[in-house]
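K.L.:
First to last, the protein sequences are chains A and B.
For the first sequence, our numbering begins at 2 and goes up steadily by one.
For the second sequence, our numbering begins at 2 and goes up steadily by one.
Wrong hints could be hidden among the right ones.
A pair counts as met if it fits within one copy or between any two copies, since identical chains are not told apart.
Straight-line distance between alpha carbons at most 25 Å, and here's what the computed PhoX-like set of lysine-lysine pairs gives [claimed, not checked]:
id	residue 1	residue 2
1	K209	K367
2	K87	K399
3	K367	K281
4	K18	K344
5	K281	K199
6	K295	K121
7	K199	K155
8	K245	K295
Quick caveat, the hints were computed from the structure, so don't treat them as lab data.
Number of protein chains: 2
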Amino acid sequence: MTEHDLIRELAEKNASKIVMLVADGLGGLPLTAGGSTELETAHTPNLDRLAARGTSGSSIPVLPGITPGSGPGHLGLFGYDPLEFKIGRGALEATGIGFELGPDDVAARGNFCTLDAAGKISDRRAGRIPSEESFAVVEKLQGVKIPGVETFVKPVKEHRFVVVFRGPGLDGRVADTDPQAVGVAPLDPQPAHAAAAKTAAVAQEFVKQARVILKDEQKANGMVLRGFAAKPALPSYEELYGLKAAAIAVYPMYKGLARLVGMTLVGKAQSLGEQIAELKKAWNDYDFFFLHFKYTDSTGEDGAFEQKVKRIEELDAAIPQIEALRPDVLIVTGDHSTPSRLKSHSWHPVPTLLVADTCRPDGLTKFSERDCLRGGFGIFPAKHLMLLAMAHAQRFGKYGA
Amino acid sequence: MTEHDLIRELAEKNASKIVMLVADGLGGLPLTAGGSTELETAHTPNLDRLAARGTSGSSIPVLPGITPGSGPGHLGLFGYDPLEFKIGRGALEATGIGFELGPDDVAARGNFCTLDAAGKISDRRAGRIPSEESFAVVEKLQGVKIPGVETFVKPVKEHRFVVVFRGPGLDGRVADTDPQAVGVAPLDPQPAHAAAAKTAAVAQEFVKQARVILKDEQKANGMVLRGFAAKPALPSYEELYGLKAAAIAVYPMYKGLARLVGMTLVGKAQSLGEQIAELKKAWNDYDFFFLHFKYTDSTGEDGAFEQKVKRIEELDAAIPQIEALRPDVLIVTGDHSTPSRLKSHSWHPVPTLLVADTCRPDGLTKFSERDCLRGGFGIFPAKHLMLLAMAHAQRFGKYGA
Chain A
2 MTEHDLIREL AEKNASKIVM LVADGLGGLP LTAGGSTELE TAHTPNLDRL AARGTSGSSI
62 PVLPGITPGS GPGHLGLFGY DPLEFKIGRG ALEATGIGFE LGPDDVAARG NFCTLDAAGK
122 ISDRRAGRIP SEESFAVVEK LQGVKIPGVE TFVKPVKEHR FVVVFRGPGL DGRVADTDPQ
182 AVGVAPLDPQ PAHAAAAKTA AVAQEFVKQA RVILKDEQKA NGMVLRGFAA KPALPSYEEL
242 YGLKAAAIAV YPMYKGLARL VGMTLVGKAQ SLGEQIAELK KAWNDYDFFF LHFKYTDSTG
302 EDGAFEQKVK RIEELDAAIP QIEALRPDVL IVTGDHSTPS RLKSHSWHPV PTLLVADTCR
362 PDGLTKFSER DCLRGGFGIF PAKHLMLLAM AHAQRFGKYG A
Chain B
2 MTEHDLIREL AEKNASKIVM LVADGLGGLP LTAGGSTELE TAHTPNLDRL AARGTSGSSI
62 PVLPGITPGS GPGHLGLFGY DPLEFKIGRG ALEATGIGFE LGPDDVAARG NFCTLDAAGK
122 ISDRRAGRIP SEESFAVVEK LQGVKIPGVE TFVKPVKEHR FVVVFRGPGL DGRVADTDPQ
182 AVGVAPLDPQ PAHAAAAKTA AVAQEFVKQA RVILKDEQKA NGMVLRGFAA KPALPSYEEL
242 YGLKAAAIAV YPMYKGLARL VGMTLVGKAQ SLGEQIAELK KAWNDYDFFF LHFKYTDSTG
302 EDGAFEQKVK RIEELDAAIP QIEALRPDVL IVTGDHSTPS RLKSHSWHPV PTLLVADTCR
362 PDGLTKFSER DCLRGGFGIF PAKHLMLLAM AHAQRFGKYG A
């Protein structure tokens with residue numbers, strides 16, 4: 002029996018409310034030997050008080066030693082094994098810019114490049130064309146018309162864009178066209194699986210028309226396409242857990258990830274304060290709330306230890322407003338660690354806290370990496386967090402008689 | 002996606018050096034209630050200092066409660082699930098005496114036995130014939146000639162030997178010929194799978210010729226063959242991790258296990274001091290170094306608690322010389338526990354320590370069974386140790402975007 006089948010079998014409905022507050026990249030490292038992490042340095046009276054009430058643990062996003070991107074990191078938190086459920090690069094890129102993929106869509110990442118007179122790549126990033134220039138080029142590509150297929154071209158940043166083909170019978174298994182070198186021509190889109198023959202032909206037609214449209218561009222007169230992918234087949238929160246789920250996020254990537262598991266995007270918050278206001282407004286309409294806080298990751302990526310400490314303290318200060326709604330289960334966690342010291346995502350376990358009246362106390366009085374190692378959930382795979390959420394919300398029946 | 006596929010996808014090369022120091026049978030037990038284990042009794046200032054710098058944990062060789070032999074114990078440490086990757090008994094026995102198996106080889110363990118006039122076994126161990134007598138009998142068996150097949154017969158100890166058949170189309174699935182009783186004749190080698198028909202015929206011919214050669218022996222005039230096995234199909238360290246790996250071991254078994262995963266045997270060290278000298282010499286030529294220290298196991302097997310304590314202290318004293326090479330990742334672990342109290346391998350978790358600049362501190366200041374239970378890696382499967390080694394050496398890319 003798979004874990005998802007077990008969840009479907011046991012899931013029950015009740016009036017409980019679950020809040021999952023994801024502080025992106027929450028876990029950290031000390032800057033120097035014998036030092037403290039960002040979370041250990043931060044003054045977090047509210048999180049510490051919750052730690053005393055709830056149960057803590059250290060969650061492993063994928064496997065020990067494996068550093069996840071945002072996609073696998075969030076899939077784990079949402080209860081989808083990140084090694085089993087994968088989001089193709091094109092689908093993730095489309096998701097990241099807020100493009101809502103449908104079941105008939107195949108998305109690919111595009112890079113503009115510069116082609117010489119012979120059609121060979123002379124600059125793989127089109128001279129790092131500024132976004133505003135690139136956006137104008139993308140606009141011209143709206144002129145591509147392929148019979149029987151709807152085509153969407155969306156700018157990302159600088160030389161990067163996303164193309165989505167929508168139509169019946171499309172399949173993501175098309176090979177990259179990027180030769181990964183200059184002095185050679187972009188490859189023609191080719192099927193990597195027989196089922197993708199039509200998609201490859203559509204992509205060929207797209208590239209052909211684009212060449213004509215872009216022929217007079219100085220920098221962006223060519224393109225390479227990578228990471229063709231259909232929308233991943235993820236069971237929805239409603240179908241899997243019987244939860245009506247709302248996502249309250251600021252950035253498109255996290256809104257997109259939430260949409261992929263069937264959450265409803267709520268509000269247009271641009272700050273944590275606005276996110277909490279949206280949470281209050283939506284409180285009666287949903288069972289589960291995913292709140293995404295970006296800045297613990299971005300400060301970590303910047304290597305800004307003190308800024309990350311401040312962002313953690315900002316998060317801590319918002320906790321009482323969430324508590325005031327009296328959620329039955331309140332979870333504070335991250336999708337991975339982003340230690341300022343490494344200026345990148347890392348493999349280290351993520352401090353995780355769950356507060357509910359049904360928690361068994363584990364004797365902790367502080368929320369930190371070191372404390373969470375000794376927490377009542379131990380060191381556990383992130384994909385099991387939703388099992389604990391459902392259990393503490395008393396939304397699971399008994400397994401077997 | 003399998004763990005090995007994930008490793009292959011994420012593995013990157015850099016200039017880092019990883020040292021895995023395996024103290025065989027490291028874990029122990031107190032001799033009396035309320036006492037200390039061998040490791041807890043030993044004075045280990047260097048290991049304790051490393052514990053303060055690194056991250057510790059308790060590794061489970063196979064599964065909780067399962068006591069491994071040397072083969073599964075080391076496979077786990079090397080990152081090969083010991084339940085998925087198996088080394089047949091014949092192949093392990095050949096490996097243990099330093100016989101390097103090739104892809105066309107099938108090995109079996111042989112026991113000399115005594116047959117009565119009717120050809121029935123009267124002594125299953127040939128009167129526990131002394132090794133020197135047995136070696137002379139093995140020498141006579143070099144006279145066996147089987148067309149199209151090369152035959153190797155190698156002594157092990159007392160009545161035990163190894164036979165290896167080398168030739169095209171051989172297969173290890175041949176049934177044991179040991180009836181496990183006296184008063185009955187040895188069984189004829191029979192294929193346990195259709196693909197092993199040729200191998201069984203070869204083994205039958207071997208036994209037939211051996212009967213003639215040994216007919217005048219007083220004790221060792223017969224034999225039984227067990228554990229037929231081909232060389233196990235293990236991906237190499239180079240292919241799996243992209244690591245150029247060196248093995249610095251004293252005993253044939255551990256050299257053989259390292260060879261099976263594609264490590265290069267370095268030097269002919271006969272002591273820990275010589276092993277470290279070899280490590281220094283080979284330092285620039287490899288990425289990964291497996292150092293095997295046997296005596297924590299052999300003293301445990303002998304039930305020599307105090308001797309095991311001394312051997313642990315000997316190992317501790319050698320640590321600064323390894324540190325002086327400035328490995329990026331230094332691991333100290335064991336392939337299983339061998340408590341002096343039990344005089345045998347055991348299932349207890351193994352104290353494990355990893356030191357790297359990328360370690361998250363776990364607050365420990367001592368290396369011991371009790372401390373490792375509270376370490377930052379928690380209680381984890383030994384097969385995940387190499388994931389942690391690769392991560393802390395920053396040899397893994399990010400999984401997903």
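K.L.:
Which numbered hints are broken by the structure, listed smallest first?
P.N.:
1, 3, 5, 6
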